[in-house]
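A.B. asks: Assemble chain G onto chain V, guided by the hints.
Protein sequence lines correspond, in order, to chains V and G.
The C-terminal position of the first sequence is numbered 305 in the numbering used here, with every residue numbered one higher than the one before it.
The C-terminal position of the second sequence is numbered 420 in the numbering used here, with every residue numbered one higher than the one before it.
It is worth saying that the hints were derived from the structure and are not from the lab.
A couple of the hints might just be wrong.
Claimed, not checked - Below 30 Å or equal to it, Euclidean Cα-Cα: the simulated BS3-like pairs (lysine-lysine) are:
no., chain 1, residue 1, chain 2, residue 2
1, G, K40, V, K214
2, V, K189, G, K342
3, G, K40, V, K215
4, V, K239, G, K342
5, G, K280, G, K112
6, G, K410, V, K91
7, G, K167, G, K208
8, V, K214, V, K267
9, G, K182, G, K200
10, G, K288, G, K256
11, G, K88, G, K253
12, V, K239, G, K40
13, V, K189, G, K40
Claimed, not checked - Which bits of chain V does chain G cover? Going by a derived footprint, with three or more residues having C-beta under 8 Å, they are:
no., region
14, 128-138
15, 177-187
We treat Cβ as the ideally placed atom computed from N, Cα and C, and that holds for glycine.
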Amino acid sequence: MVKANKSKNNVKNLKTVSINNLSHFYGKNENKKQVLNDVNLNIDKGELVLLKGPSGCGKTTLLTLIGALRTCQSGELVVLNNQLNGASRKTRQILRRSIGMIFQGHNLLRCLTAEQNVQMGADLIKGLTYLQRREIARNWLSAVGLEEHHKKLPNDLSGGQKQRVAIARALSANPKLLLADEPTSALDSVTGREIVTLLRKLAKEQNCSVLMVTHDPRISDMADRILNMEDGKIYSAHSELI
Amino acid sequence: MIFSFLKFRKIPLAWLLLTRQPLRLAVAIAGISFAGILMFMQLGFRDGLFDTSVTIHKLLDADLVLISPRSKSSISMSGFPKRRLIQTLAVEDVEKTTPVNLNYLLWRNPENLKTRSILALGFNPSDSLLLDEGFSKKAYKLRNPSRVLFDKLSRPEFGPIEEWFLSDKKVETEVAGKRVIVEGLVELGPSFGADGNLITSRETFLRLFPANPPGSIEIGLVKLKKGSDPELISRILNNSLPNDVRILTKNQFIEFEKNYWKNSTAIGFIFSLGALMGFVVGCVVVYQILYSDVTDHLPEYATLLAMGYRLKSLFFVVAREGFLLALFGYLPAYFSGQILYSVIRNSTKLPIIMDADKTILIFVLVLVMCMGSAAVAMRKLVDADPAEIF
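Bound-form chain V, shown alone (with noise of 0.2 Å):
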């Protein structure tokens, strides 16, 4: 027996973001609007998933939940080891800080600099002085090829360079999983090929997990897994209801 619960924790630990029978409703009574219905999912170490659908499927909620922003209603949903269903808010905070993420419209403070900004990152990071984290913000643009732009603002930097410092931000904490939604919709071809490919090489790196909402079919070749959502349910690239 005690054999088999070890085995049952050790294929858990293997699984970034593990989901069961998860549904999610907007509003009350009559205007009560299921959005997830009974979705299952397991998303591995080091994994990079995409999750494609039309508008309005439910995609967006799905990485709110899988982010620790929502409350979750109903179903299992297991992130880092961390129940969801019934978390208190102060455990989903903590849970937060181990999840990077990556905005469409990368919402970088206007009044930091591309350094600073990433130190927002670096600065959740418990027992480093000030330079410390200061050098780890400086590493990471200098990963993201932006070490000559540390001093700019956001104002001056451009579409591309603005995704990259976002990008840089959210691998700075050191996460475990990574959220990113449409990261690539508001640039050109190449820089979104180059976003995702710097993505991809960096997450691996680190062994962490990215969960990637988008529309854009130019990366799809990049995916470990490529998942489909329609009408609040996942189903695999080749149409199959997970």
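C.D. replies: Frame of chain V, contents of chain G only:
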């Protein structure tokens, strides 16, 4: 030490958020400074009133002061029998006494002949009246009848007395319709109750104000022997003397005057209300600035929450913004206050000074104003929903 400083050092987010829009920051600082200046002025006038009302009280050479229980303040003093003052000499600790008459008389400006009310004090020139060491020499001149000492800090409406006196011109005028000669100058200072002061002998005072009974005085000064306890002697005298006299220590006499202006007139209330208005104006300005700042940066705050920052950390950012605004708003208010106090002092001769109490009180008020407004603006932070930024 240095290591822990480096460990806790963070990016100065509050400072960077505030300085991103310099024009808005300048407007905020101007608003807070204006509120600060308003409070400095109102509290300055209020304290000036209280201080000037006791200028003469502070200068009196006495440990105990006898007044009539019917006296309300220096502008409405009642008389009491002079013999009560003599009776105090029965107590061993009493060294000497000085009977003083006090009333408002009409002074004629010798230049334009217009009359104006002046506060007159009458005392025996051989007694001690003021703490000023050089005063006894001047007081000696009052032995001759119809001689007065004029307060050179009196308002200019009383005439160019100081100028004439210093140019060796004989300064002669009328007080209460009787001729007097200015024999010297003293420095007392005007108050809200009196625009000018003069000192004369009791003999001259009674000639100028014949309605005053000779056996009646308005103030009795008691000087105690060294080492005596004024509080104790005051209690002893209050118990032993009849009820037609009240014995106060010098500090109680000062408080008695201040309390009149604080509690029995609307002046103290009006200036305190003015200061409150400044405080409220400042609160509204800071709240508007911080609220719009939080609203403008809501997506950025939501991003920080999504990254794992605690809501409490963001509250601290807004609180720090409030603190910085308080600091930057207070400094110009303080220096402007210094300049305005100096202008008012020179033009009105009121002793409005920037003392430590006022400096600290207004800094605390500005701080409360900014931190309180920041606390209200923080409520908007709760609206920062990290789920909405995807």
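A.B. asks: Quick one: which hint numbers does this structure break? Sort them smallest to largest.
C.D. replies: none
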